[in-house]
Amino acid sequence: MTEAPRLVARDRPELILGDHGLCPGCGEPVALRILLEVLEELDIVRRSIGVVGHGCYGSFVQIMDVEVLQCLHGRAPSCATGIKRVRPGTVVFTMQGDGDMVNEGLQEVLHTAARGENVTCILLNNGVFGDTGGHQTATTVVGQRTKTSLDGRNPETHGYPIPVADLAASLAGVCYVARGAVSTAGGVARTKRMLRCAFEHQLAGHGFGLVEILTMCPTGWFVPAGSGPDYLTSSLEAAYPLGELPLRGHA
Amino acid sequence: MNGTVPARQLLDGCAAITESAIAAGCRFFAGYPMSPFTGLLENMSRRLPQVGGHCLNAESEIEAVNMALGAAAAGVRAATGSCGQGLALMQETIAELALNELPLVIVNMARNQQDYFQATRGGGWGDYRTITLAPKDVPEAVEHAQLLFHLADRYRAPVLLYGDPLIAQTHVSVDVAARDFGQLPAKDWALDGTSGGTGHSRQIWTWAMGKVSAPGPGPDRHWRAVAAKFEQIARDEARSETHQIDGAETVVVAFGSAGLFVEHVVDELRADGHRVGLFRPVTLWPFPGADLAVATRNASRVLVFELNAGQMLDDVRQFAHDRGVVRFIGGVSIHASGLSFGPLLDAAPIRSRILEATA
Amino acid sequence: MSRGIVTIDTERCKGCDLCIQACPPKVLEMSAEVNEMGYRFPILHDGCTGCTACQLVCPDYVFAVYRFDSP
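Sequence order for the protein chains is A, B and C.
Residue numbering for the first sequence follows my numbering, beginning at -4 and increasing consecutively.
Residue numbering for the second sequence follows my numbering, beginning at 684 and increasing consecutively.
Residue numbering for the third sequence follows my numbering, beginning at 57 and increasing consecutively.
Calculated directly from the structure, the hints in this document are not laboratory data.
Given the structure is predicted, the values throughout are model-derived calculations rather than measurements.
One thing to keep in mind: the hints can contain errors.
As the list claims (entries may be wrong) - Where chain C lies over chain A, by a calculated footprint (3+ residues, C-beta under 8 angstroms):
id : region
1  : 1 to 14
2  : 145 to 158
3  : 177 to 189
4  : 220 to 226
To be verified - Anything over 12 angstroms on all C-beta distances counts as not near chain B; from chain A, calculated:
id : residue
5  : Glu103
6  : Thr107
7  : Ala109
8  : Thr127
9  : Gly129
10 : Lys142
11 : Leu162
12 : Cys170
13 : Glu195
14 : His196
15 : Phe217
16 : Ser229
17 : Glu232
18 : Ala234
19 : Gly238
20 : His245
Beta carbons are placed, not taken as given, at the ideal position from N, Cα and C, and that holds for glycine.
Isolated chain A, as found in the complex (with noise of 0.2 angstroms):
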């Protein structure tokens, strides 16, 4: 006699509408249903209140069956605080890029995090400008090609990437900075706890919380997809080292 299977994982959380269409081997999508899936997990759905920027995951914003304000690149944190701040009963999010969130928003998220407002930024980063065809960023990594960087990334002539995480983690106000990485399965099963402990962090009222998650894009990377993940430990972790980063901002 043949035994039914018990469900372990559902392929998708109801909570995501439809087909999403990014490239194959993306990295954002995982980032997407692993937030979701903990959104789910603490109950707090019908009380969340995402704040989108733009790149390729400002589509989500149409498959995403939570409340979202899709706003100006960089300005997340910004309408995160106004929301916040006048609904403190709501749990804020805010879904930005590298290029958002590093290049044009970098004194938003730096602001928010001194304030301490009780927000939590999510940064999906993949050093790469994806959603405009792939152009260097302020987290593009030395040595990284991109289409305005085509022999790599040179520190002559290009600098140096910017850590946000380690930056936000020198602030007082900040409660939980943390790095995860969805190029595994269980770099997914760790930045989902990452995110939940973010989560967690805000429903207590402990302040600002910023999720850093590295996600593969092997369109912007020149890369083939199934490269993706082995590119990123090699070429973005080095970089942006995993782990929960310890707050120096506080006495």
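Go by the hints and put chains B and C onto chain A.
Structure of chains B and C alone, referenced to chain A:
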């Protein structure tokens, strides 16, 4: 008079606008210090927490207006502002507010009248307009502040109050009690989280594509609809005032504090037998062109007096009954500090320019 | 003998190969045919442990994972 707490108080313009906004239900303000706007931020900072509101001294003008955008998206009456130089940084977000159909009151406590183009043409992107009210004095600013919260909510758009240093810093006895402009629909579009997980979760997006389960109009239909809304506003919300316009051969056109000075000079000149009157646009946008055409129907001269190199002049030329009789008698006139009006904003030079133009 | 089993939405797959790499017992193999979008998709062989590695890494939400409580 006897024993009641007066709604009438002696306040400078910044304090008066603050009280008026609070009376209208404003409960969120964010701003960045810049003269002569700073008094508004200071007053809001002191008063809003007293009424359960929030005031943030933002780290930049861009952050201030985006914080206010967030508060507005959450359904709260919100405001921000600066002077023209700071408003220059807010232009992208003003367009975003217009195309997102979010209400927000923005105060340009300007240093002079050189921001007319900025206010009426806008420096953002796309097809949008900004309702702009230009009070001539503090009492009118008090009225306009409350009216703007009503208009912002009624039309779901960012709206602008064009003030200046005289309005900001002059103390006047004003009545800041709440005015009733009529009922407005509930803000069922505002974000509060509660529609999450229903398949119809709320979405505020300039492209208005909606969700795959509940598609929106998309950018083409949405932006057409927004443009059509502003065309409707242009038909319905133009405001102007005239002073001693009957039988005027010379019509002087002026806005804001300049209008107040011209009003006084017109009275002087009328007493001396000159047939001169004032047409004062109250809304800079929509510019009251139809009213202007009527008011200048019999004028042999239309003189534009504004403290800039000629900005409202363009609108007067477009709408005056006879474009050929329009002349510019204003000019750039800046105080030595750079922060306020120069010597041209005074009765004597205004009088002599009007007489020179009518000689 | 498999402790687990997965369902595979072959039409959603974009052929990125990440599941092939992630599967610890190596029981996934890309097909020879292609789906409607033109991508090859994974096929499951015996020996699945129901560990959910494929479901965790998949960007296109192709996998639902099941376990047999008695193998």
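Open item on the list: Could you work out which of the previously given hints the structure breaks and list their numbers from low to high?
Closed with: Those not satisfied are hints 2, 5, 6 and 7.
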